[in-house]
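Here the structure of chain A is known, so what remains is to put chains B, C and D with the ligands in place on it, guided by the hints.
Each chain is listed here by its residues.
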Amino acid sequence: MAEAAVTTRLKKLINTPETEVKDAMAGMAAAHADLIRVEYDPNVIIRKDAPRKGKVGLVSGGGSGHEPMHGGYVGLGMLDAACPGAVFTSPTPDQMARATAAVDGVAGVLHVVKNYTGDIMNFEMAAELARGEGAKVNAVITNDDVAVQDSLYTAGRRGVGVTVLLEKIVGGAAEAGADLEAVTTLAKKVNANGRSMGMALTSCIVPVAGKVTFEIADDEMELGIGIHGEPGRERTKLKSADEIAEILTSTIVKDLPYKRGDEVLAFVNGMGGTPLIELYVIFNAVNRYLTGEGIKITRSLVGNYITSLEMAGCSVTLLKLDGETTKFWDAPVHTPALRWKV
Amino acid sequence: MAEAAVTTRLKKLINTPETEVKDAMAGMAAAHADLIRVEYDPNVIIRKDAPRKGKVGLVSGGGSGHEPMHGGYVGLGMLDAACPGAVFTSPTPDQMARATAAVDGVAGVLHVVKNYTGDIMNFEMAAELARGEGAKVNAVITNDDVAVQDSLYTAGRRGVGVTVLLEKIVGGAAEAGADLEAVTTLAKKVNANGRSMGMALTSCIVPVAGKVTFEIADDEMELGIGIHGEPGRERTKLKSADEIAEILTSTIVKDLPYKRGDEVLAFVNGMGGTPLIELYVIFNAVNRYLTGEGIKITRSLVGNYITSLEMAGCSVTLLKLDGETTKFWDAPVHTPALRWKV
Amino acid sequence: MAVTSAQIYGWLERYAGIVAEQKQYLTGLDAAIGDGDHGINMDRGFQTVLVKLAPVRDKDVGTLLKTTGMALVGSVGGAGGPLYGTFFLRAGAALDGKTEVSDRDLVGALEAGLKGVVERGKANPNDKTMVDALTPAVEQAKQALANGAPLEQALTAAADAAEKGMKATIPLKALKGRASYLGDRSIGHQDPGATSSYLMLRALSDSLATLPQRATTTTTTT
Amino acid sequence: MAVTSAQIYGWLERYAGIVAEQKQYLTGLDAAIGDGDHGINMDRGFQTVLVKLAPVRDKDVGTLLKTTGMALVGSVGGAGGPLYGTFFLRAGAALDGKTEVSDRDLVGALEAGLKGVVERGKANPNDKTMVDALTPAVEQAKQALANGAPLEQALTAAADAAEKGMKATIPLKALKGRASYLGDRSIGHQDPGATSSYLMLRALSDSLATLPQRATTTTTTT
Ligand SMILES: Nc1ncnc2c1ncn2[C@@H]1O[C@H](COP(=O)(O)OP(=O)(O)O)[C@@H](O)[C@H]1O
Ligand SMILES: Nc1ncnc2c1ncn2[C@@H]1O[C@H](COP(=O)(O)OP(=O)(O)O)[C@@H](O)[C@H]1O
Ligand SMILES: [Mg+2]
Ligand SMILES: [Mg+2]
Ligand SMILES: [Mg+2]
Ligand SMILES: [Mg+2]
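Chains as they are written, first to last, in the numbering used here: chain A, 24 to 365; chain B, 24 to 365; chain C, 14 to 235; chain D, 14 to 235.
No false leads were mixed into what you were given.
Listed next, the stretches of chain C that the computed footprint assigns to chain B, with coverage defined by at least 3 CB atoms under 8 Å from CB atoms of chain B: (1) 51–57; (2) 87–94; (3) 194–206.
Don't read these hints as lab results, they were simulated from the structure.
Glycine included, each C-beta is placed from N, C-alpha and C at the ideal position.
Only chain A is shown next, with the shape it has when bound in the complex (with noise of 0.2 Å):
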């Protein structure tokens, strides 16, 4: 089974994989030096402003080659710090711990953790050492993937794409100045009311790996896939696009389950590897799916926002929103990768 160290690298525009998340980092604050500033040794990612005095503090984090989550998230309105593990590889706590410590504002620290035994170990760790420092500090756990079996024996469902969606509206929360106990329970209130589930054509490469992770045939696709290339639900032929949006919406639909009557928040995400206009191909069937079904898409989002470094593939994620839900999505928000009314 042991194979032989590959040397190529595999068709990444980095220097080398074990560089990869710093040169990133300082081109990130190369590019948006006006809204962040990152920290080495430990990788943290700061809202410039940081902290800010009396503001909840959201610090989230997770393996790097999601991006632009969680960094590119880092700014007014959403998060006030990120920290960027190796590639698909949680960070650790030291990086978390001092996130922490980076902004809080006396107002207390959420931290946004997406369901994985990694992450959620890490940051647990990184709670214990920053309420040692004195830090209050609460978590929140996004478990939004429907192709997870769910059971109270199990590690139950990924967090995945409405990890971002809770970012957003959640940030906007932060800001307006609610408490920690108020951006705990909207933010346990967003993971509740979102579903999401993927799907991909083609694998992504781990730069340390150098390799791909599975090996896919042509006519092939990968459904329920999480972000970091682990295998999915089923491995099934090739459908056409209104087919693939009408597996991932049904499914996720019948979840919740969302009703007639319904508004819903629409995200079609991009794995990374997939163009734009597959993606608008997606969101047509999405919408078509969910018309027939009497549920409204009163917001929508479609690009890349969680991504699985070049895989091809694509995720849907709906969110049922309310008045507070649509009013702290529709916000100001400026970080580097979603932008408005600032």
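Same frame as chain A, now just chains B, C and D with the ligands:
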């Protein structure tokens, strides 16, 4: 040489190659109903509130497959209409003529045309048609690609990345009430001050063709590539991100030339299949190179803005800024793909 | 010999079939030095032509050719659309209202079409474009008629000249169109537009031939 | 037999070497049912461990193990970081200040480490995790000592039990960690964390063996 018809869709999220553009237009209309409306046969994407009385109309267009260009740039402060052609094929004169009529607020219309023989001839025919209907039509041709040898006797340089920046800046001026002559003069200035060069790691796949446009080995890259999978200036061994960024940037810098003390907008663009983390690695190297040359980056843009379907690779564009161009770059914009200050 | 609307229609239909058949071949030529869509574009265009011609197929030659030109302009896009569109629009204008066309008129229409292509695209001879197939073809046809040859023979000479012109594009460096971006890398490849123009003229010659028709397509798949 | 700091250091160094050597193997196991980074993560971690241990290598066993734990927590990330980190932090805490460690103390430290892993990860036996290798290993070592066996024999029994536990993960369906997302598709694959845990215990047993050392790595490449 004749190839057997390829039946596989080659891993695309589409229904059929023939329906792709219209399906995507319908998806755009559904996702961005607040900003745009679409018309079919001829296919046009139009700013929702067009025509705006007294405002110079901005129309662009080109082959599909470069999303978000141009449809994603229709909206406040940028384009008034975009004409999507078949994938990688410039649109037809009836599309541009319809777009021109739809956005003409009596102040005249500027056509933004990338320098490709097909685009130019189709836009010329459209302008003839529109002028026949009494419209005032000017055209500006972008030709910023330094990879192509320029000469009086050839088709000259291709229009690439500068087109996006021009549409934003000139859109800002048109929104602010500049007249057709002023808008045209500004457009020419932007084009004159901008230079680009691109490279590819992998080929793209035109859906109707159903196979890669070119073969390229795992350790090779194509330097000076365009945005249609057309071959570039040379095929070389794959290099590190720093080396690639230096080749692209130094070629650009020497061409204008950009000089010590110049202030520039630095734009690192993804070809569609390259992860954002890698684009930031490139931006970091571009920034380091320019800093070494004494050229100051005062504005930046990093992401997939003028793409070539799923091609992996990037392009670098520099635009020398002055007070006027900076002001209109910073001006409010609200389109599907670019948005700020509104 | 006078050429009828039916014969012109037959030419256009035959050429549409050849384009459909040679779609991958033309596209392959374009992939080598362009963007790999010439066959796809031309096929989309001539399928549209067939649809648009159906209701006017009994009309005069000018109408047939102008309808073809409009259909191409409105459906092909790229460089091919305006160029072939202009070719047929100009040729059609030269034959306005005629249901029977003299030999000289027909060749004159081809010449008008070529003139339109050159005005639209501003290509010079040896720029490695369709002009390199069309120019010698029109010259040879005129020459043959001037020498008293019958139309059939003039058009065969035109197709032969186009074929030679097409092949002569191989060693050229492209100076116009997308292939010009390649500079020296365009050398050694046959121009796709010159190839589709040759096929168009061969189809014309074969359509109007009273001899058993030549197998048009077999000459192009090598 | 009393275990010294030097022997513990030797164990950690040996294990770091094995992880480096088995990086692709562990990563391959993880690619099948996880995200394909376990070997990469562990190797990054143990390379950091070597760096961090260098200045403290003459210190007490507790310091060595706690330093190892801190290095892992701060460099591995993922599930492996907190789990292995906690294992070594707890084991180190149990041996605080000791430069010589009794057989019972050493096995007790392993037990404390395992307890930490279970508290941190909340995995039950047969959830298809590293716990399935560590639990029988600790049990067998305790049993062996209770039966009066020398440490060397107890640790060999532990490594053998870990190996059995590792192999026993193959038919299991994963209920914890990333592999649990696969549901039934996780069946038939050996758990990467159980594999790295087995390698760790085999390295310990080999490090402390007075017998000629077993070729640790050859057993793992099949
Ligand atoms: N300026 C021009 N004048 C004449 N013919 C041209 C010119 N530019 C390009 N062509 C012809 O067009 C052909 C390419 O057509 P096509 O592939 O359909 O368009 P595009 O280049 O826009 O993709 C070339 O092979 C060439 O023969
Ligand atoms: N809750 C848990 N308790 C114990 N071990 C676990 C748990 N979750 C995962 N593991 C172990 O971690 C291993 C995976 O580690 P690694 O690949 O480094 O982390 P990640 O899954 O975050 O990529 C699994 O093979 C399993 O043995
Ligand atoms: Mg991982
Ligand atoms: Mg084209
Ligand atoms: Mg072409
Ligand atoms: Mg893993």
